[in-house]
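**Q** Given next are the chains, with one letter for each unit.
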Amino acid sequence: MKRFTYAIGLVLLIISCDKPISEFQTHNFIKYIGNGLGSSGFDAIQLSDGGYIVTGYDVSISLRKQVLVARVDKAGNIVWQNFFGTVHNEEGRNVVLINDEILISGNSTNYINSKSEAFLMRVNLQGDSIAYYPYSVSNNLVVNDMAIGNDRIYMAGEKFASSSNQSQYYIACVNFSGEVVWEWTLGDPNKKQTFKKIFIKDNGNILLVGTSNAIIGSTLTHISVFEFNSVGVNLGNIFFASDVDQEFGNAIYNNNLYVLYSTQQGESISSKMTAVKANSDIGWVLSIDIPGEGTSMVMQNSNSFILTTKNNNRTYFYSLLVSSNGNAEISELRDFPGEVNAMINTADEGIFSIGSSSSDYDMVRLIKTDSDLYLLNP
Amino acid sequence: MKHLNLIGLFIILSSGFLIAQTNCSEQLRQAERRFDEGLLDDIPQMIRPCMESGFTKEERANAYKLLIQTYLFSDNRQSADEEMLKFLKAFPEYSIGAADTKEFIDLYKTYRTEPILRIEPFLGVSYSMPYVFEYYGLGDLNSNVPEYFSNLGLSAGANYTDVLYKGIDGSFGLSFHYSRVGYYYQAFDYTYIEGTYIELHVGLPLSVRYYFKVKGFEMFAKGGVETVYLIQSSNDLTRGYTSGADNLVGTVNLTDYHKKLDVRPFVGVGFSPRFGNIKLLVDTGFRFGTIVPVDKDLRYYNNELREKYYMIEDKWIFNHFYFNISYVFSIYKPTKIR
Numbered sequence: 001m002k003r004f005t006y007a008i009g010l011v012l013l014i015i016s017c018d019k020p021i022s023e024f025q026t027h028n029f030i031k032y033i034g035n036g037l038g039s040s041g042f043d044a045i046q047l048s049d050g051g052y053i054v055t056g057y058d059v060s061i062s063l064r065k066q067v068l069v070a071r072v073d074k075a076g077n078i079v080w081q082n083f084f085g086t087v088h089n090e091e092g093r094n095v096v097l098i099n100d101e102i103l104i105s106g107n108s109t110n111y112i113n114s115k116s117e118a119f120l121m122r123v124n125l126q127g128d129s130i131a132y133y134p135y136s137v138s139n140n141l142v143v144n145d146m147a148i149g150n151d152r153i154y155m156a157g158e159k160f161a162s163s164s165n166q167s168q169y170y171i172a173c174v175n176f177s178g179e180v181v182w183e184w185t186l187g188d189p190n191k192k193q194t195f196k197k198i199f200i201k202d203n204g205n206i207l208l209v210g211t212s213n214a215i216i217g218s219t220l221t222h223i224s225v226f227e228f229n230s231v232g233v234n235l236g237n238i239f240f241a242s243d244v245d246q247e248f249g250n251a252i253y254n255n256n257l258y259v260l261y262s263t264q265q266g267e268s269i270s271s272k273m274t275a276v277k278a279n280s281d282i283g284w285v286l287s288i289d290i291p292g293e294g295t296s297m298v299m300q301n302s303n304s305f306i307l308t309t310k311n312n313n314r315t316y317f318y319s320l321l322v323s324s325n326g327n328a329e330i331s332e333l334r335d336f337p338g339e340v341n342a343m344i345n346t347a348d349e350g351i352f353s354i355g356s357s358s359s360d361y362d363m364v365r366l367i368k369t370d371s372d373l374y375l376l377n378p
Numbered sequence: 001m002k003h004l005n006l007i008g009l010f011i012i013l014s015s016g017f018l019i020a021q022t023n024c025s026e027q028l029r030q031a032e033r034r035f036d037e038g039l040l041d042d043i044p045q046m047i048r049p050c051m052e053s054g055f056t057k058e059e060r061a062n063a064y065k066l067l068i069q070t071y072l073f074s075d076n077r078q079s080a081d082e083e084m085l086k087f088l089k090a091f092p093e094y095s096i097g098a099a100d101t102k103e104f105i106d107l108y109k110t111y112r113t114e115p116i117l118r119i120e121p122f123l124g125v126s127y128s129m130p131y132v133f134e135y136y137g138l139g140d141l142n143s144n145v146p147e148y149f150s151n152l153g154l155s156a157g158a159n160y161t162d163v164l165y166k167g168i169d170g171s172f173g174l175s176f177h178y179s180r181v182g183y184y185y186q187a188f189d190y191t192y193i194e195g196t197y198i199e200l201h202v203g204l205p206l207s208v209r210y211y212f213k214v215k216g217f218e219m220f221a222k223g224g225v226e227t228v229y230l231i232q233s234s235n236d237l238t239r240g241y242t243s244g245a246d247n248l249v250g251t252v253n254l255t256d257y258h259k260k261l262d263v264r265p266f267v268g269v270g271f272s273p274r275f276g277n278i279k280l281l282v283d284t285g286f287r288f289g290t291i292v293p294v295d296k297d298l299r300y301y302n303n304e305l306r307e308k309y310y311m312i313e314d315k316w317i318f319n320h321f322y323f324n325i326s327y328v329f330s331i332y333k334p335t336k337i338r
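Here the protein sequences line up with chains A and B, keeping their order.
Residue 15 in this note's numbering is what sits at position 15 of the first sequence, and the numbering runs on without skipping anything.
Residue 3 in this note's numbering is what sits at position 3 of the second sequence, and the numbering runs on without skipping anything.
Bear in mind the hints are in silico, worked out from the structure with no lab data behind them.
This one's a predicted model, so the numbers in the text were calculated from it and none came from an experiment.
Heads up, the beta-carbon is just placed ideally off N, CA and C, and yes, glycines get one too.
Zero decoy hints are in this set.
Derived Cβ-Cβ restraints for the label pairs, each shown as a range:
| hint | chain 1 | residue 1 | chain 2 | residue 2 | range |
| --- | --- | --- | --- | --- | --- |
| 1 | B | N247 | A | A131 | 39 to 47 Å |
| 2 | A | N124 | B | D189 | 23 to 31 Å |
| 3 | B | N144 | A | N139 | 42 to 50 Å |
| 4 | A | L220 | B | K259 | 54 to 62 Å |
So here's chain A without its partners, still in its complex pose (with noise of 0.2 Å):
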């Protein structure tokens, strides 16, 4: 009898223990975050503990956006999530770690008079908010990208000085204290122009890719490379050619840049990337012959990326291998229902994707796959 008891007490203690999550789960995982009333993620940075920390925003129960950001671990699952905000609408942009807090760019918008500001944000490791600085003008200002070099932090974006509709590229450095060191607006107040993506070079110089209406007398959208020393001094720019509009998709800095970007003609929207060699010169321009405006990348191993495109409320993954010349073998991979925002290298050499889901309800997709791509195999 007592050798049965204690069989029977070793089964329930076998069937009552905690079910490990296996290393497998720390390479392929896709997981949701969110209170279901909508949500979507566009930035993410790994941890040196293999975890990762996420921002977007999350629709709260009085239906105004607040800025999500969220630890999570290597398997995806979360270690804490917390909701900022105030009455009005944020949204958590860019997301850097430094000096062991979490520094997170970001929009709000007045949700009476629609006027938009950005903001820096620090968090520590634990989730619990540090410091909140709001950047205002008279008009709007958002901020759609975020750096760190030079002991200074770099924001770029967009400054609406007189319309809603017409801006101005907007970038400005600001210390660790969120006091602003400097700020440049340029370009034309009577057309829309923005900065979207930001780079710090090896040699501190800041490399700036955006939109704009290029050429004089002109209405396309082009996109526009910009460079300035770390003092603000602006040392030149280029623009690429086009005679269709060119809506900015992504950008990857690695010593070339790489720059992603759509084109519509009638109704067709397709992708191009474009190398941008270390002295401005274009390098290469790739005609990416998917469908779909191309909306993130991001870059294997020299001369291979990743990339997504969003057609239809889809994104597709493509697998897009550039020889030296330009051109380009592209494979497609798995698709998925609504977009992916970001996508970044993990220490596993595979790729972590974060964007929105697609049902009835959007909550913040993540989407971890191995350096296989084993979640993106079609």
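Knowing the structure of chain A, use the given hints to seat chain B on it.
**A** The following block gives chain B in isolation, referenced to the frame of chain A:
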């Protein structure tokens, strides 16, 4: 009047039958007395007229045994064999009793008395016992994991059984299993998923049964392995909202996302009750799954399951507690073997 005539005829015939049976019973008793007195010569003539009709079943069996022993003691081996063959054809399920003489037993043992074919159709219920090795899911597994619930299912099939060794039977057969397992996952605060896995398998059970007696009851222990093939797997799912919004309801076919084969060892115990000529096997035990059915390479590829119901299948196996009742259908062909 016509009815009365019929009743009268029935009474007359019945009386005749009873009189004949009474006479035959008396004849048998007298024959047994003569056998005891060693007067063997007239015994066959005394009881043979009653063999076709006139005896009860028990008397007929005793009459056969008396005839066989009479011939054995008369050194008429050929007639004894003829009667033994008739006896075994009439009573194929007879088993040697304590009252049987050594001579009778010796002759009995020169015949194949085991059934040449034993088919055991069975019907049973099973109680699914899911075991989860690892949870997957779109939600946060640090705070909440899916729950699984046992459910009743059904089994049916038939086994062919043969004797492997004294007291040990071997069998193989064909079976069908309908099993169900409940599922619930509060994936997010605002939405939950509940469903019922429904699986239909066809199986080829192979088992060994060892018989033993406990306080006069014939019992057996059973063990074996069953190779099952998945015919269909589905999940009747509901994704509900805590806000009370309309649920998403549907059935997702999982057959193409699950492995088709599983090898299921089983162990059990049972007993074999008899009700007259009807022999049953009643057994209960556990059937274990060994192969995780969810194909790991397809786990994240069921778009309907993931996108509509927010569900990613876990790594589980479904074990079963079962209770079966089998009817033993035996075909005998008694033959002289020595």
